[in-house]
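A.B. asks: Given the structure of chain A, go ahead and fit chain B onto it with the hints provided.
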Amino acid sequence: MMSSILFYGLSTLLFAAALLVILSRNPIHSALWLVTAFFAVAGHYVLLNAQFLAAVHVIVYAGAIMVLFLFTIMLLNLNKETEPQHSLLVKLAGLVAGGMLLVVMVGALRRSSAETASDLATVHSGTVGLVETLGKVLFRDFLLPFELSSILFLAALVGAVVLGKKELGE
Amino acid sequence: MTLERCLLLAFALFAIGVYGALTRRHLVGLLISIELMLNAANINLAAFAHFRPGDATGGATFALFTIAVAACEMAAALSIVVAMYRRRRNLDLDKLRSLREPIEAEPGAGKAP
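Chains A and B, in that order, give the protein sequences.
Residue numbering for the first sequence follows my numbering, starting at 1 and increasing by one per position.
Residue numbering for the second sequence follows my numbering, starting at 171 and increasing by one per position.
It cannot be assumed that every hint is accurate.
Said to hold, decoys possible - Covered by chain A, according to a simulated footprint, are these stretches of chain B (three or more residues, beta-carbon under 8 Å):
{"no.": "1", "segment": "183 to 197"}
{"no.": "2", "segment": "200 to 210"}
{"no.": "3", "segment": "214 to 226"}
{"no.": "4", "segment": "241 to 247"}
{"no.": "5", "segment": "250 to 263"}
Read the hints as simulated data drawn from the structure, not as lab findings.
No experiment lies behind these values; they were computed from the predicted model shown.
C-beta atoms are modelled at their ideal positions from N, C-alpha and C, and glycine is treated no differently.
In isolation and in its complexed conformation, chain A is listed as follows (with noise of 0.2 Å):
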């Protein structure tokens, strides 16, 4: 019951927070708002039992991700030009195909469950989520991704460092 409640609140902070990202002129304003959506997310992410991942969320989105995007709109100075909004035309258009792929996700939820509904109910147990079982798994199963992913890391340290270089004779 307690976690129902937490579920509906959660999810209608997170719809509202997505409309907000959506729909607002100002990109400081978008990124705030999104702040705001990654908190719900971490939210949800506690109430299916991954309390680890809602850390590792909250520090690397919330933490990493939004500095970096707020360091990019205040260092290009683009908080106070409003943005240039399309025609309703194509306004429209995304409209309909958001909502005509949402439309074919649901349809293909419900003609799916329909058959599945019965183990669905399979809840696990309240240590899955915790850091040490993940540990395990991460440096036991998945331990070659896991080191292929810091050189993904690295990759992309250097690239970010070659792109926003000056050109020479700029």
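C.D. replies: Frame of chain A; chain B shown alone:
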């Protein structure tokens, strides 16, 4: 809360992200919409791991890798944004079309409309 409600929430979030990615004209706004869609996919991973029988650690593990890749992507994308702004003084997506059509006169830094 059931699996179905979690999936519905993720679908709604993904559709909002699609709408934003199609209608924003600002490059940073487009990247923010892509972040929303990635979060919808992560909620799906965690929800399936929680509600389905079998190995429950897989969902969080794959979501961790998704977060790592998204962080790399955002670092590269935002440095491209900075380089693009330095070159064109403009981040309007309708005007950044030099890959599609050749530019008649290369607008130098600060002179583009």
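A.B. asks: Against the structure, test the hints numbered earlier, and report the numbers of the ones violated in rising order.
C.D. replies: Every hint satisfied by this model.
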